[in-house]
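Asker: These protein sequences, in sequence, are chains A and B.
For the first sequence, my numbering assigns the number 1 to the initial residue and increments by one for each residue that follows.
For the second sequence, my numbering assigns the number 1 to the initial residue and increments by one for each residue that follows.
Hints may contain errors.
Claimed, not checked - Restricting the straight-line Cα-Cα distance to at most 20 angstroms, the calculated cross-link-like pairs of lysine to any residue (SDA-like) are: (1) B:LYS72 <-> A:GLU169; (2) B:LYS181 <-> B:ARG153; (3) B:LYS72 <-> A:LYS321; (4) B:LYS72 <-> A:PRO233; (5) B:LYS72 <-> A:ILE249; (6) A:LYS321 <-> A:THR274; (7) B:LYS72 <-> A:LEU222; (8) A:LYS189 <-> A:VAL204; (9) B:LYS72 <-> A:HIS128; (10) B:LYS72 <-> A:ASN132.
What the hints contain is simulated information worked out from the structure, not anything from laboratory work.
It should be emphasised that the depicted structure is a prediction, and the values quoted were computed from it without experimental measurement.
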Amino acid sequence: MGRKLTSDTTVNETTQGRSRAWVWTVLAIVAFVLGIFLVQSGWWDSNHSVFAQAVVSGLLIGGVYGLVAMGLSLVFGVLDIINFAHGALMTIGIYASYLLFQEYGVDPYISLLITVPLLFVVGMGIQHFAINPVMTAPVHNQLLLTLGIAIMIENILLVVFTGTPRSIELPYARESFDLGFVTLDFPLKVFGAVVSMPKLIAFVMAIVLALVLYVLIQRTWLGSAIRASAQQPEGAELVGIDINRIYMITFGIGAAAAGAAGTLVMPFLFVSPTAGATFNIIAFVVVVLGGMGSVPGALVGGLIIGLTQEMSQIFVSGSSKFLSVFVVFILVLLFRPQGIFGKAHR
Amino acid sequence: MLRIENLHAGYADLEVLHGVDLEVNEGEIVALIGANGAGKTTTLRAISGVIPVSSGSITFEGSSIDSWRSSKIVAEGVVQVPEARKLFADMSVRENLRLGAYRRGRSEMDATFDEVFELFPRLQERASQIAGTLSGGEQQMLAIGRALMTKPRFLMLDEPSLGLAPKLVADIFDVVRNIGKNGVTVMLVEQNAVRALELSDRGYVLENGVVALHGTGDELLGNDRVREAYLGL
Ligand SMILES: Nc1ncnc2c1ncn2[C@@H]1O[C@H](COP(=O)(O)OP(=O)(O)OP(=O)(O)O)[C@@H](O)[C@H]1O
Ligand SMILES: [Mg+2]
């Protein structure tokens, strides 16, 4: 019987592998033909800087999407909660760094030292006081709760700061930086694409924070306990892990990632009470694309969605940025419902 | 060491235990036997604090532990090897064992590692293998090893021989006997009632959520009702 089981799985895997190879082959052929066509028709010559701009912008914002999605994915993977308040937590990060900059002149990137711990504590509080009591409740109740928290946060921000969009100008956004071997003259020009400094910093910091988060989860004692609680909650309890504490910390980390992302985008965004909501929607798509609960998947998914969003603007000008994102979303659900890094449920 | 009085517990609106009384003295091996669904696993889960106690009391060395969090109960040395093993299936054997020592920190971990590997050399050979890919017997060894990593003073084993080949069943019973010899108090839940009672100092028979009988291992082995209902003799 053991033998039969093994051979069955093998067959299963090869068929799956074959159908995947088939999809990739078709996609590669389509991309190739499209490429030839675009070059032949002269489209490439007149548009390559637009193209470069889309790639650069897509990757830059994609890094931020990745960070936002990592927090969402972590919370989902460990607590089994789909957190609709994730974007609102990000908005708190946006306003916190905005206030620190406007009122106290704190550099937005320095303010990470405040916004990250702040959101960590806010996240722990939300988990402890609001979500913990519904951990075993039906999913729709949990959804309503996190949605309610999001609406509450947005409306408090609306009352306190009004809906007027605000923005800041980073004082050093247009300066040159001499790194010794090269001078960076902002805004940078790369292959004809313009790279603004706040977007570049946001990207670099988002990637760094994403890696820190990854190492925290994969390589530390705490991360080990977090993964154990995700995989086997009762087993975790039986080795003495205080699972409620782990849930609080995990939600705190998720919120901190959202807060950090909020702080990073604040310098190039219109600050408003719903600024984070857009990111929340995109992060959901990224999480599904990367594989529910997969932290590295969230980062890769973020980059892909960032690219998709910007590239589609070239081909379908004037379309909503979301259109292409949701097309990708549907394709993923059709061809690889478990996401890029997710494990198939068998 | 452990005293349970009039314990009521269960799931949602289903009460499974209707007033269980039992006691385990330090250094004993005590068997808990009973038909499928009698409430053996539920008793262990209530002791570990995984499910809430609705009424009655559980005291361990004089402190009332029935409202404690499971993590605190484990810290006190009350540990179980659960029926379904509940391993961290995507992690390596080594990481599962390390998590067993979660509460004790890294410094004392190495010595316990050696003890566990001495008991189960197979686990050492497979230290880097992913737990979910181990054979059933190896998984049971890992579940016991992980529990031992917590340095228990009171260890509950829920059907450790379940699904194992006869040779391995004998090995597991030897391991349980050894754990007892090393000064750990043991509560053993088993379907393999003859073996369990032979090994144990005393035994309890659970029927429909209450203790129907108790006595020394030999008494129960000689009891007609037990022989008929549980030993198939
Ligand atoms: N999670 C649960 N939710 C609802 N009912 C449960 C749950 N777990 C067990 N039960 C019920 O509680 C009763 C006692 O189950 P328990 O697992 O304690 O029996 P057991 O004595 O360990 O049996 P076995 O020898 O088959 O392991 C059973 O009727 C079972 O259906
Ligand atoms: Mg059972």
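Asker: A separate judgement is required for each hint: does it hold in the structure or not?
Answerer: Do the hints match the structure? See the list:
Proposed proximity of B:LYS72 and A:GLU169 is contradicted: the alpha carbons are some 52 angstroms apart, above 20 angstroms. Restraint check for B:LYS181 and B:ARG153: the C-alpha separation of about 12 angstroms stays at or below 20 angstroms, so the hint holds. With a C-alpha separation of about 51 angstroms, the suggested pair B:LYS72 and A:LYS321 falls outside the 20 angstroms cut-off, and the hint is violated. With a CA separation close to 16 angstroms, the supplied pair B:LYS72 and A:PRO233 stays within the 20 angstroms bound.
Restraint check: the Cα-Cα separation between B:LYS72 and A:ILE249 comes to about 18 angstroms, which is no more than 20 angstroms; the hinted pair holds. Using a Cα cut-off of 20 angstroms, the hinted pair A:LYS321 and A:THR274 holds, with the two alpha carbons roughly 17 angstroms apart. For the hint pairing B:LYS72 with A:LEU222, the CA-to-CA distance comes to about 18 angstroms; that is within 20 angstroms, so the pair holds. Restraint check for A:LYS189 and A:VAL204: satisfied, since their Cα atoms lie roughly 17 angstroms apart, inside the 20 angstroms limit.
For the hint pairing B:LYS72 with A:HIS128, the CA-to-CA distance comes to about 19 angstroms; that is within 20 angstroms, so the pair holds. The straight-line distance between the Cα atoms of B:LYS72 and A:ASN132 is roughly 19 angstroms, inside the 20 angstroms bound, and the hint therefore holds.
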